[in-house]
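Trainee: Spelled out, the chains give:
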Amino acid sequence: MAEREHPDDDEQGEPEELEPGPRALWSGTLTFGLVSIPVELYPAVRPARVALRLLGPRGRPLHRRYVCARESRPLTPEEIVRGYPVEPERFVLVEEEELAALAPRASRDLDLRRFVPRDQLDPMLLDRPYLLAPGGQSTKAYHLLAATLERRDRAGIATFVMRGTEYLAAILSEGGLLRAVTLRFADELRGPEQLGLPEPRRAPAARRRQLEAALAELERDALLPELLHDENARALRELARRKRAASADVIELPETAEAGGGGGGQVVDLMKLLQERLGEAPAPAPRAASRRSSGGARAGSPTRARAGARGGAATTRKPAARTQPRSKARRRRG
Amino acid sequence: MGARAIWKGVVCVGAERVPVRLYSAVQAAGVSFRLLHREDQSPVKQQLLAPDQARPVPPEEQRKGLEVEAGVFVVLRPEELRALQPPPSREIRVEEVIPAGLDLRWFDHPYLLGPDGDEPGYFALAELLEARRRLAIVRWVMRRRHYQGALHARRGHLALSTLRHPEELVAVERVQVPAGRAPDRRELALAEQLVEALADDFDPAAYQDEHRARVRSLIEAKARGLQPALPRPEAAPAPSPDLAGALEASLRATRRSARG
Chain R
331 MAEREHPDDD
341 EQGEPEELEP
351 GPRALWSGTL
361 TFGLVSIPVE
371 LYPAVRPARV
381 ALRLLGPRGR
391 PLHRRYVCAR
401 ESRPLTPEEI
411 VRGYPVEPER
421 FVLVEEEELA
431 ALAPRASRDL
441 DLRRFVPRDQ
451 LDPMLLDRPY
461 LLAPGGQSTK
471 AYHLLAATLE
481 RRDRAGIATF
491 VMRGTEYLAA
501 ILSEGGLLRA
511 VTLRFADELR
521 GPEQLGLPEP
531 RRAPAARRRQ
541 LEAALAELER
551 DALLPELLHD
561 ENARALRELA
571 RRKRAASADV
581 IELPETAEAG
591 GGGGGQVVDL
601 MKLLQERLGE
611 APAPAPRAAS
621 RRSSGGARAG
631 SPTRARAGAR
641 GGAATTRKPA
651 ARTQPRSKAR
661 RRRG
Chain X
665 MGARAIWKGV
675 VCVGAERVPV
685 RLYSAVQAAG
695 VSFRLLHRED
705 QSPVKQQLLA
715 PDQARPVPPE
725 EQRKGLEVEA
735 GVFVVLRPEE
745 LRALQPPPSR
755 EIRVEEVIPA
765 GLDLRWFDHP
775 YLLGPDGDEP
785 GYFALAELLE
795 ARRRLAIVRW
805 VMRRRHYQGA
815 LHARRGHLAL
825 STLRHPEELV
835 AVERVQVPAG
845 RAPDRRELAL
855 AEQLVEALAD
865 DFDPAAYQDE
875 HRARVRSLIE
885 AKARGLQPAL
895 PRPEAAPAPS
905 PDLAGALEAS
915 LRATRRSARG
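Chains as they are written, first to last, in this note's numbering: chain R, 331 to 664; chain X, 665 to 924.
Don't take every hint at face value.
For the chain X half of the interface with chain R, some residues (derived, Cβ under 10 Å), not all of them [as the list claims (entries may be wrong)]:
1. Val674
2. Pro707
3. Phe737
4. Pro752
5. Arg754
6. Glu755
7. Leu777
8. Phe787
9. Arg819
10. Val839
11. Gln840
12. Asp867
13. Glu874
14. Gly909
Using C-beta positions, here's what the derived DEER-type ranges look like [said to hold, decoys possible]:
15. X:Arg916 / R:Arg564: 54 to 62 Å
16. X:Glu724 / R:Arg564: 28 to 36 Å
17. R:Glu419 / X:Arg888: 13 to 21 Å
18. R:Arg403 / X:Ala764: 52 to 60 Å
19. X:Asp867 / R:Ala535: 30 to 38 Å
20. X:Ser753 / R:Gln524: 26 to 34 Å
Simulated from the structure, these hints should not be mistaken for laboratory data. Heads up, the beta-carbon is just placed ideally off N, CA and C, and yes, glycines get one too.
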């Protein structure tokens with residue numbers, strides 16, 4: 331089963347250990363013809379703030395660790411290796427360095443060789459959104475590409491290799507900021523034919539008119555973000571708040587104990603970093619700001635980095651058993 | 665051969681009801697590794713350990729808690745959590761219908777929908793959303809959780825993508841691009857020409873995961889006892905200081921290859 335088979339496997343993964351400041355997931359070069367633009371990639375989504383944690387008998391958060399099935403002791407990342415099953419009980423071992431070395435230099439660049447209309451990016455292909463910060467001293471080429479993509483309303487398409495996995499990505503510009511969104515490869519998507527769905531056929535006019543009228547009643551100009559608030563989290567928060575007020579089942583850990591979540595400073599830091607990298611002048615740019623309203627969210631808290639195997643504090647969701655030692659929980663591909 | 669649906673629901677547009685089946689639209693295509701203990705090559709398993717890592721904590725001793733502030737947890741009991749679960753429902757309720765072109769960051773996981781009776785209703789809905797370039801924002805309850813998503817049509821069939829919560833998105837609109845960083849007009853004109861020279865329709869099938877193929881051949885070679893030589897790392901290209909010059913040269917190269 332694919333790990334994200336159900337929407338239950340939503341983004342409430344395991345919060346990663348706190349890190350000092352935002353850390354780029356990838357840094358590399360965007361190339362555009364003979365122009366090369368050093369960039370750093372940061373996640374544009376962050377972990378859900380309300381994640382249930384699993385606690386031990388004395389209220390201390392539990393940690394999910396890899397243990398050896400035979401010795402039943404926790405393993406360090408160095409003690410873990412990827413294996414590909416070639417026959418029962420026989421694995422080919424593949425080292426992290428081997429996977430990294432498989433990617434030729436060129437595949438580690440985002441080489442924009444094709445520019446497509448933005449509205450052709452199929453929502454079904456969209457995987458994860460990222461922000462691109464200028465990575466080098468000069469931001470001139472970065473600003474030039476951002477302005478060009480926005481004026482032409484196009485996205486640059488490229489493949490690149492990040493941490494041993496190849497990604498297809500679309501690079502777009504929004505309000506002067508370059509963004510990336512990873513796309514699923516076509517063979518990762520199932521089509522109506524594979525599912526055995528009936529061929530589309532023209533619906534009878536009467537049924538169409540009924541639905542047309544019903545849809546027209548609900549027509550709006552833009553998304554109402556309030557519709558997307560996390561109801562599951564709201565209910566949990568509300569219950570926790572009531573119980574805390576009643577001093578029921580409240581556990582206060584001593585100062586030294588590890589706290590989970592938090593980390594609101596990280597997003598503030600990411601904003602600051604982007605702001606600084608884009609150029610020193612802090613002058614407001616009202617024109618660009620007003621164009622940046624296409625359904626974005628306003629909220630601030632930690633940048634999500636998917637939990638690695640070593641540090642993840644346990645939540646109530648079980649990660650898939652097959653994963654990689656030092657990378658995102660979701661990536662199993664080599 | 666039809667695939668098995670994950671769930672069955674009914675799309676409710678006002679008083680109109682269109683029964684559907686929900687299918688996952690994503691399939692695994694990568695190389696799937698197992699994690700092994702290096703020493704004895706036995707597969708590792710995951711266990712929940714207390715902070716001192718001394719012993720695994722069995723399920724009956726585990727409790728669920730929500731951190732309400734740093735270091736303060738409120739324990740939520742199983743019966744309390746059950747009471748929070750929304751009542752089961754088959755309704756996928758359309759809340760609003762908006763123009764397509766929603767910020768891409770909202771889209772999370774895709775599903776395909778198939779008709780579950782009322783084929784005319786299913787295809788009419790797909791036809792209307794597709795022809796008018798509209799998304800229907802929907803909410804539903806599935807497996808005891810609330811979901812929200814965008815219903816859209818794709819070549820005559822209905823698709824449903826879950827949408828992220830506003831709380832999950834980094835507020836990039838707060839980052840302000842400094843004034844006075846507007847690009848040079850000549851450079852912009854050249855860059856736009858280059859983008860147009862490389863403009864094309866998007867064809868997802870034109871891209872393959874080549875790295876996956878490289879990983880597969882590495883595994884095959886190693887399975888035969890070979891240790892393939894690894895390529896040497898190369899240096900990254902240096903950024904070009906002369907933007908206009910680089911753009912002009914790129915344009916010339918693009919036009920040459922278009923002619924030839």
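Trainee: Each hint needs a verdict: does it hold in this structure or not?
Mentor: These are the hints, each one checked on the structure:
Violation of the interface hint for Val674 of chain X is found here, the shortest Cβ-Cβ separation to chain R being roughly 13 Å, above the 10 Å cut-off. Below 10 Å, beta-carbon pairs count as interface contacts, and Pro707 of chain X has one with chain R at about 6 Å; its hint therefore holds. With its C-beta approaching chain R no nearer than about 5 Å, Phe737 of chain X sits inside the 10 Å limit, and its interface hint holds. For Pro752 of chain X, the interface hint is violated, the least distance from its beta-carbon to any beta-carbon of chain R being 15 Å, above 10 Å.
For Arg754 of chain X, the shortest C-beta to C-beta distance to chain R is roughly 16 Å, which exceeds 10 Å, and the interface hint is violated. Look at Glu755 of chain X: its Cβ only gets to about 14 Å from chain R, farther than 10 Å, so that hint breaks. Hint status for Leu777 of chain X: holds, given a least beta-carbon distance of 9 Å to chain R, under 10 Å. A cut of 10 Å between beta carbons decides the hint on Phe787 of chain X: the least distance to chain R is about 4 Å, and the hint holds.
Here the hint on Arg819 of chain X is kept, as its CB sits about 7 Å from the closest CB of chain R, short of 10 Å. The beta carbon of Val839 of chain X comes within 5 Å of a beta carbon in chain R, closer than 10 Å, and the hint placing it at the interface holds. Taken as an interface hint, Gln840 of chain X checks out: its beta carbon lies about 5 Å from the nearest beta carbon of chain R, inside 10 Å. Here the hint on Asp867 of chain X is kept, as its CB sits about 9 Å from the closest CB of chain R, short of 10 Å.
Interface restraint check: Glu874 of chain X against chain R, minimum CB-CB distance 6 Å, threshold 10 Å, status holds. The restraint placing Gly909 of chain X at the interface with chain R holds, with a minimum CB-CB distance near 9 Å, inside the 10 Å limit. Checking the proposed 54 to 62 Å range against Arg916 of chain X and Arg564 of chain R shows it holds: the Cβ atoms sit about 58 Å from each other. For the hinted restraint 28 to 36 Å between Glu724 of chain X and Arg564 of chain R, the CB-CB distance of approximately 29 Å keeps it satisfied.
Range check, Glu419 of chain R to Arg888 of chain X: Cβ separation about 18 Å, and the 13 to 21 Å hint holds. A hinted range of 52 to 60 Å holds for the C-beta pair Arg403 of chain R and Ala764 of chain X, which are about 53 Å apart. For the pair Asp867 of chain X and Ala535 of chain R, the beta carbons lie near 34 Å from each other, so the given range of 30 to 38 Å is met. Separation of Ser753 of chain X from Gln524 of chain R is about 29 Å and conforms to the stated range, judged on CB atoms against 26 to 34 Å.
The structure shown violates the earlier hints numbered 1, 4, 5 and 6.
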